[in-house]
Amino acid sequence: MATRRWYGRDSGLTLRMGLTLFGLGLVYVFFIGALIAAGVGAVVVLVIAAGFALVQILFGDKIALASMGAHVTEPHEAPELHAMVERLCQLADLPKPRVAIARSEIPNAFAAGHSRKTSTVCVTTGLMDRLEPRELEGVIAHELSHVANKDVIVMTVAGFLATVAGLLVRFGVYSGMMGGGRDRKDNSAAVFLVVILVSIVVYVASFLLLRALSRYREFAADRGAAIMTGAPAQLASALGRISGTMSRIPTEDLRAAEGMNAFFIIPAVAKGLSLSSIISTHPPAEKRIARLMEMQAQLDANPGATL
Amino acid sequence: MGLFDVLRGQRAPKRADLDNLFAIGAAAMTLEAAMDLRTTGRAGVCFKNIEAGVFEALIRETEELLAATSSDAGTTVSRHDDPYGFSWVVIDDPDLEDLVTTTHVVSRSLEERGFSEQLLCAVFGFDGPPGQVDLVYGYKRGTFYPFAPRESKRRDNALELRLQSAVGSELPFEPELERWYPVWDAPVAPT
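From first to last, the protein sequence lines stand for chains H and Y. Under my numbering, read the first sequence as residues 7 to 313, first letter to last. Under my numbering, read the second sequence as residues -14 to 176, first letter to last.
Wrong hints could be hidden among the right ones.
[Unchecked claim] Listed below are the simulated EDC-like cross-link pairs for lysine to aspartate or glutamate, each with C-alpha atoms no more than 20 angstroms apart in a straight line: (1) H:Lys102 with Y:Asp66; (2) Y:Lys138 with H:Glu111; (3) Y:Lys138 with Y:Asp170; (4) Y:Lys138 with H:Asp306; (5) Y:Lys(-1) with Y:Glu97; (6) H:Lys123 with Y:Asp112; (7) Y:Lys(-1) with Y:Glu163; (8) Y:Lys(-1) with H:Glu92; (9) Y:Lys138 with Y:Asp80; (10) H:Lys123 with Y:Glu163; (11) H:Lys102 with H:Glu86; (12) H:Lys102 with H:Asp135; (13) H:Lys102 with H:Glu83; (14) Y:Lys138 with H:Glu80; (15) H:Lys123 with H:Glu92; (16) H:Lys123 with H:Glu111; (17) H:Lys123 with H:Asp99; (18) Y:Lys138 with Y:Asp112; (19) H:Lys102 with Y:Glu82; (20) H:Lys123 with H:Glu80; (21) H:Lys68 with H:Glu86; (22) Y:Lys(-1) with H:Asp99; (23) Y:Lys138 with H:Glu86; (24) Y:Lys(-1) with Y:Asp170; (25) Y:Lys138 with Y:Glu163; (26) Y:Lys138 with Y:Asp67.
Since the hints were derived computationally from the structure, they do not count as laboratory data.
Full structure from sequences and hints, please.
Next comes the structure, spelled out in C-alpha cells:
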C-alpha cells in the first residue's frame, strides 16, 4: 500500500544536487579545453593524477585505518557491535563490512573502502563510551548508508578532477618560474598564462563544488540512516552529543586526524569562520539535527504513513 | 542500483518479499523425515522497533483476525522486545501450517502499514536430537537460511550446512554464506 520514503520528496535537495553535478560537468568541459590549449606535458600530469586516484581507491581504506590506529575486529572481540552491524546490514540488504575499532578518546566514526564488498566501518572507543546503544546504532546506520551510496568511490572520482586541476596549477607555476620562454614565442607564453589562470579558476570551482557534493552526501547518509533505523531522533541526539563534545576538545590534539575529515561523521577540526559553511565538508550539526527532527516529526505524526 | 542513484547518493528502499514464506511447509516434512527436526511451535516476525501504539494495534488486530477464523483457533500472538533494539511478534501454534499462515498475516499487515523496510526476518524454531536450529527468512532477500545457536554466542555451522543439503533444493535458499546473519536470542526456542 503505502511506500515510506523521504526520497524524491526532497526536491530542493535533488535540485541542488543536480546543479552541483552540472557545475562539475561544466568545470570538466572547461578543463578539457584548457588541457588542449596547454598541449605539451598535460598527458604526463594526467597519468600522475590518475596514479594518485588509483592509489586512493586501492589503498585508501588501509591508509585511513592505519592513520587512526584502528584494528579490524572479529565478532568475538566485540560481539554487541558486530551484532548491531549485522542486523542493520540485513535490514538494508548490504553485505557485512569489516568492523574496526580505533583506540581514541575522540568520539567519531567513518566508513572506508571502495566497494560494498570490501568496505570497513570504523568507530572509536570514545564514541562507544559516550553514546547510548540506540544512538550508536544511528551513527553506524549513517556510515552504512555511505557504503550503500558508494560515497567513497564517488568522492574519489569527483576529487580526481580537483587533483588534476591542482597539479596543473602547480605545474604551470613551476614552469613559469623556470623562465617560461627558453625558446618560446610570445604567443605560446600568452597561451601558457591563460592555462594557469584557467587552472586556478578550475581548481577553486571544483574545490567548492566538491565541498557542496560532500555536504549533500552527508544529508543523504543521514536520511538513509533515518530510514534504516526508523528513529531519526536517535541519530540527531548522537550528533548533538558528538558535536558538543568535539567543540570542547582542543583542536591541537586533532591535527593528526584532519586529513580524514571527509569520511568522519563529524569533522575533527571545527572551523570558526563564517566562510566555513561554504568550504566545510560537512553541513553544520545543527542543520543536520534540524532535518532529522523534521523526519522524526513526520514519523510521530503518522507512523508508517507515506512520507 | 543505477548510475543515477549512485550520483544522487540515494537508493531505492529494499521492500520486503513475502512470496516465498509458504515454501517452508514442504521443507519441514523433509526436515522431520531426514533429521528428526520438528517445529518448536513458535515463530517470530522481527522488525526494527516501531511506535508502541502501532505495535499494540497490530497485535490486537491479528488476534481478532485469528479469533474470526476457526481453523487458527489454537494460535496465540504476543509481543517481545529483544536486547538489540528490535521488536518481535511471537506466534505460538503447534501446527506449522498455521504458524506460517499467521506469520504471513502479520508480515502483510506490517507491510500494509508502511513498515516494509523495517521488516528484518521471520524465524521458525526447530528442535530435535541434533539440537535447536532456526530457519530464518530474510525479507529483503526473499531467501531462507539455517541458524543453530549454541552456548556463549557460538553456532553449530556443521548442523547448518547439513540442513542446507537436506532442504536446500526445496526452499529458496540463501546462496551467499556471508549473508547467513545470526539472529541471537530469537524468541522461538522450545519452552
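Hint by hint, here is what the structure shows:
1. H:Lys102 with Y:Asp66: violated (24 angstroms)
2. Y:Lys138 with H:Glu111: Distance ~29 angstroms between Lys138 of chain Y and Glu111 of chain H Cα, so the pair is violated.
3. Y:Lys138 with Y:Asp170: OK: Lys138 of chain Y and Asp170 of chain Y at ~9 angstroms, within 20 angstroms.
4. Y:Lys138 with H:Asp306: violated (36 angstroms)
5. Y:Lys(-1) with Y:Glu97: holds (15 angstroms)
6. H:Lys123 with Y:Asp112: violated (34 angstroms)
7. Y:Lys(-1) with Y:Glu163: With a Cα-Cα distance of about 19 angstroms, the restraint between Lys(-1) of chain Y and Glu163 of chain Y holds, given a limit of 20 angstroms.
8. Y:Lys(-1) with H:Glu92: holds (16 angstroms)
9. Y:Lys138 with Y:Asp80: Outside the cut-off at roughly 29 angstroms; violated.
10. H:Lys123 with Y:Glu163: holds (11 angstroms)
11. H:Lys102 with H:Glu86: Holds, at about 14 angstroms.
12. H:Lys102 with H:Asp135: With Cα atoms ~23 angstroms apart, Lys102 of chain H and Asp135 of chain H exceed 20 angstroms; violated.
13. H:Lys102 with H:Glu83: holds (16 angstroms)
14. Y:Lys138 with H:Glu80: Cα-Cα ~13 angstroms, so holds.
15. H:Lys123 with H:Glu92: holds (14 angstroms)
16. H:Lys123 with H:Glu111: Given that 20 angstroms is the threshold and the Cα spacing comes to 29 angstroms, the pair is violated.
17. H:Lys123 with H:Asp99: holds (12 angstroms)
18. Y:Lys138 with Y:Asp112: holds (18 angstroms)
19. H:Lys102 with Y:Glu82: violated (33 angstroms)
20. H:Lys123 with H:Glu80: holds (17 angstroms)
21. H:Lys68 with H:Glu86: violated (24 angstroms)
22. Y:Lys(-1) with H:Asp99: holds (7 angstroms)
23. Y:Lys138 with H:Glu86: This hinted pair holds, its Cα atoms lying about 11 angstroms apart.
24. Y:Lys(-1) with Y:Asp170: violated (25 angstroms)
25. Y:Lys138 with Y:Glu163: holds (17 angstroms)
26. Y:Lys138 with Y:Asp67: Roughly 15 angstroms between the alpha carbons, so the hint for Lys138 of chain Y and Asp67 of chain Y holds.
Going down the numbered hints, you'll see the structure goes against 1, 2, 4, 6, 9, 12, 16, 19, 21, 24, while the others check out.
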